[in-house]
Amino acid sequence: MTLAGGAIITFAPQLVAVPWLGALGLFAMGLATSVTRWRIGGLSDRVPIDRLVWPFVLLAAASLAGVALLVREPVQAAQVLPWVVATGLVGVSYGALQNLTMLQAFAAAGPRRVGAASAVWNAGFDTGTASGALLVGWVAVGAGFGTGMGLTAAICLLTLPLALLGTRRR
1 MTLAGGAIIT
11 FAPQLVAVPW
21 LGALGLFAMG
31 LATSVTRWRI
41 GGLSDRVPID
51 RLVWPFVLLA
61 AASLAGVALL
71 VREPVQAAQV
81 LPWVVATGLV
91 GVSYGALQNL
101 TMLQAFAAAG
111 PRRVGAASAV
121 WNAGFDTGTA
131 SGALLVGWVA
141 VGAGFGTGMG
151 LTAAICLLTL
161 PLALLGTRRR
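Just so we're aligned: 48 in our numbering is position 48 of the sequence shown, and the numbers increase by one with no gaps anywhere.
What the hints contain is simulated information worked out from the structure, not anything from laboratory work. Beta carbons: idealized from backbone N, C-alpha and C, even for Gly. Watch out, some of these pointers could steer you wrong.
What the hints assert, rightly or not - Beta-carbon label-pair distances, calculated as ranges:
hint: 1; residue 1: PRO161; residue 2: PRO19; range: 35 to 43 Å
hint: 2; residue 1: TRP138; residue 2: GLY30; range: 18 to 26 Å
hint: 3; residue 1: ASP45; residue 2: TRP138; range: 36 to 44 Å
hint: 4; residue 1: GLU73; residue 2: PRO111; range: 46 to 54 Å
hint: 5; residue 1: PHE27; residue 2: ALA109; range: 33 to 41 Å
hint: 6; residue 1: THR147; residue 2: ARG113; range: 34 to 42 Å
hint: 7; residue 1: VAL85; residue 2: GLY110; range: 36 to 44 Å
Given only the sequences and the hints, what does the whole structure look like? Please build it.
Written as structure tokens, this is what we have:
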């Protein structure tokens, strides 16, 4: 998910035809990410984390596929609603998976190793963000942003078996 986030954050100005669309898409993604991070915490107190991860992996893949379709050509002002919805849904999955994967890392590490788990999780998050910008930029040079963002959707979908593995172990 951080691959996709890094790509959108880095390339939003190039994905759109007019600058305000880039800003609006980033705002939608950021607002949705923040609200979801806040709300998913309460939900994860009531529902096992492993049962929450896979639906957000699917949402990530679907919303990124939507972004990929939109950015085959620069997003036009007439496409403002689908652009905001797609980037907002990316933000929902981004925020949910941030919190849920961090909680999984804390649970796996145990209370005495929360600091180490946090450091490893953050390093992974930052590496994913940087890698997403690099990968999508590299692909976009030869094949366009639609293909680059489609690749992020496919990579997210490839994580689904890992997300489902946790639910089977319960």
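Against the structure, the hints come out as follows:
1. Distance hint for PRO161 and PRO19: a CB-CB separation of about 40 Å, consistent with the stated range 35 to 43 Å.
2. Taking the beta carbon of each, TRP138 and GLY30 are about 25 Å apart, inside 18 to 26 Å as hinted.
3. In this structure the supplied range 36 to 44 Å holds for ASP45 paired with TRP138, their Cβ-Cβ distance being about 41 Å.
4. Checked against the hint of 46 to 54 Å, the C-beta distance between GLU73 and PRO111 comes to roughly 51 Å, which is consistent with it.
5. A hinted range of 33 to 41 Å for the beta carbons of PHE27 and ALA109 is consistent with their spacing of about 34 Å.
6. Against the hinted window of 34 to 42 Å, the Cβ-Cβ separation of THR147 and ARG113 comes to about 40 Å, which satisfies the hint.
7. In this structure the hint that VAL85 and GLY110 lie 36 to 44 Å apart at CB holds, the actual value being about 40 Å.
Checked against the numbered hints listed earlier, the structure breaks none of them; every hint is satisfied.
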